[in-house]
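Chains as they are written, first to last, in this note's numbering: chain A, 754 to 1016; chain B, 70 to 363.
Just so you know, the hints here were simulated from the structure itself, not pulled from any lab data. Treat the numbers as computed from the prediction; the structure is a model and nothing was measured. Beta carbons are placed, not taken as given, at the ideal position from N, Cα and C, and that holds for glycine. Accuracy of the hints is not assured; some may be wrong.
What the hints assert, rightly or not - Calculated pairs, DSSO-like style, for lysine-lysine (alpha carbon to alpha carbon, straight line, at most 30 Å):
| no. | chain 1 | residue 1 | chain 2 | residue 2 |
| --- | --- | --- | --- | --- |
| 1 | A | 884 | B | 335 |
| 2 | A | 884 | A | 870 |
| 3 | B | 232 | A | 834 |
| 4 | A | 756 | A | 988 |
| 5 | A | 944 | A | 884 |
| 6 | B | 232 | A | 827 |
To be verified - Selected chain B positions facing chain A (Cβ under 10 Å, derived; list incomplete):
| no. | residue |
| --- | --- |
| 7 | 70 |
| 8 | 72 |
| 9 | 74 |
| 10 | 158 |
| 11 | 160 |
| 12 | 164 |
| 13 | 166 |
| 14 | 229 |
| 15 | 232 |
| 16 | 235 |
| 17 | 236 |
| 18 | 240 |
| 19 | 241 |
| 20 | 250 |
| 21 | 251 |
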Amino acid sequence: MLKLNNIEVTYLNVIRVLHGVSLSVEDGAIVTLLGANGAGKSTTLKAISGLLHIEEGEVTDGTIEWNGERIDKKSAEEIGKLGIIQALEGRRVFGHLTAEENLMVGAYHRSDHRAVKRDLEMVYHYFPRLKMLRHNIAGYLSGGEQQMLVIGRAMMAAPKLMMLDEPSLGLAPLLVEEIYDIINRFNIEQKTSVLLVEQNVRIALSIAHYGYVMENGRIVLDGSAEFLKNNEDVKEFYMGLSAMGAKKSYREVKHYKRRKRWL
Amino acid sequence: MAELLQFTITGIAVGMVYALIALGFVLIWKSSGVANLALGQIVLLSSWFTYAMLVQAEFPLWLAFLLVILFALGLGWMIERFALRPLIAQPILALITVTLGIGYFIEGVVIFIWPWSVDALPRLFPREVLHIGPAVVSQEYVWVVGICLLVFALLTLFFRYHKMGIAMRATADDQMAVQACGIPVTTVFSRSWMFACVVAAIGGILISSIGGITQGLIETGLKAFSVVILGGLDSFLGAIVAGPIIGLAESLGGGYLTPYLWAGVKDIIPFIIIIIVMIIKPYGLFGEVRIERI
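Make the full structure from the sequences, and use the hints.
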């Protein structure tokens, strides 16, 4: 179980971007972190995975615990070995490697060849298209295929917690549904916890069990997926629906009413 | 005719060694983006170390060779660990300048330990001449070509199938994503320096077994640069193809032009090639095309 206790994150010792974020991910759950651009979602993920150090960021206050052990001072490598794997935003495949080599990089730390081979088959089972493309150069794959590859690469690490940063970014709606379906199946079948950062609230809440809404480096709302789906504010500000459930016409809203003030 | 064949064979052999040394450059450039300007000095130092093992300590060949490889691994590890790692996240120019400094440092150490600065390695390969058609060629050139091809093959297999090799190529593509996979890039950098020093050392042994050890070995580093620039900074294949081209140009040009021009003409040919390549094809023959989907 992952637990963030009131963490603050500061970049370059000056710019504070998270002001006390607390959240937890139960074993086997899908938890989603929602919010607009610049809310601090990706920073939260990087704080967990240890990638913050590379960007001159630092957890200056609060604690991050994984199964009771503090991990906020650990390096990305150590955290990866604990089974917390982050798939970065923006389909960062290794462009000059083949699809299969990309997947094998994900399994770098594992020495049990038989298990790695089995997991490779497992990834191909979830993403049959990758199996057909396995000898193709990753840089030339389509956007959806690259996103599948990035998720598959995270799966290859045999993660206990898989963190996905906007897997729907820039993909066609059908493809988004396909990918979310696979994430959901993976979670159910492999019992891997998933922490999902999304801007596409509707699709994220369709598979998540619990969700947090972030704004300006703070968590402003949290609850079960059902609760969030039916919450008027979430509906209005993140799904673009009015209280009646109909599509909202922005012409009717007074400009000053559009922005929700949470505190 | 005999002359032509002879120039060709020596050219290819020497060019292969340049290619080998150039691989040391490409390795580091590809994984960390640092241009290693100390290459020639590393070649020089490892040649002298081989001399120390074979001539001064009188170890048998296999032991000496093993120790040289270990020495090169250690050298690469030390350079990365103590000179470059503290500079991670600094501007790349700073790192390149540091390699320049390392080069001069090594040169100073070499002059300090072996002040006579010219010597010969004992013969490593049989020197009976081979008759290839009308040409008469020393057998050692054939050995040199063989060893170079063997090292190329090993490196190719390593980069294709070994997980460290794949991780090194991945690092060249996206350092951040490699770290997200839980792979420490510092280890990748360290390994690439170690490997680079080993191939440079092997290149150094080969070339000094033919031509002896002189301060001129530093220039082989410069010639390796011309190989790299001709072949493309980030291309292994480029280095392997461009090496023999530079070697041939040097040996043919040197062989045929020296009587008409002056004795050192051979040494400037690689640099003339660099200038021409820079004008016509600045990314080199095989420089990696950035994959960009539109």
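Here is what the structure says about each hint:
1. A:884 with B:335: It is violated: about 53 Å lies between the C-alpha atoms, which goes past 30 Å.
2. A:884 with A:870: holds, 13 Å
3. B:232 with A:834: holds, 16 Å
4. A:756 with A:988: holds, 27 Å
5. A:944 with A:884: holds, 23 Å
6. B:232 with A:827: Roughly 24 Å between the alpha carbons, so the hint for residue 232 of chain B and residue 827 of chain A holds.
7. 70: With Cβ-Cβ at 44 Å, over 10 Å, it is violated.
8. 72: violated, 43 Å
9. 74: Violated, because the Cβ-Cβ distance from residue 74 of chain B to chain A comes to roughly 39 Å (cut-off 10 Å).
10. 158: This hint holds: residue 158 of chain B lies near chain A, its Cβ roughly 7 Å from the closest one there, short of 10 Å.
11. 160: violated, 14 Å
12. 164: violated, 17 Å
13. 166: violated, 22 Å
14. 229: Nearest chain A Cβ about 9 Å off; hint holds.
15. 232: Hint on residue 232 of chain B: holds, closest Cβ of chain A at ~6 Å, below 10 Å.
16. 235: Constraint on residue 235 of chain B satisfied, holds at 5 Å.
17. 236: holds, 6 Å
18. 240: holds, 9 Å
19. 241: Since the shortest Cβ distance to chain A is 7 Å, the answer is holds.
20. 250: holds, 5 Å
21. 251: Holds: closest Cβ of chain A sits about 2 Å from residue 251 of chain B, inside 10 Å.
When the structure is compared with the earlier hints, violations turn up for hints 1, 7, 8, 9, 11, 12 and 13 and for no others.
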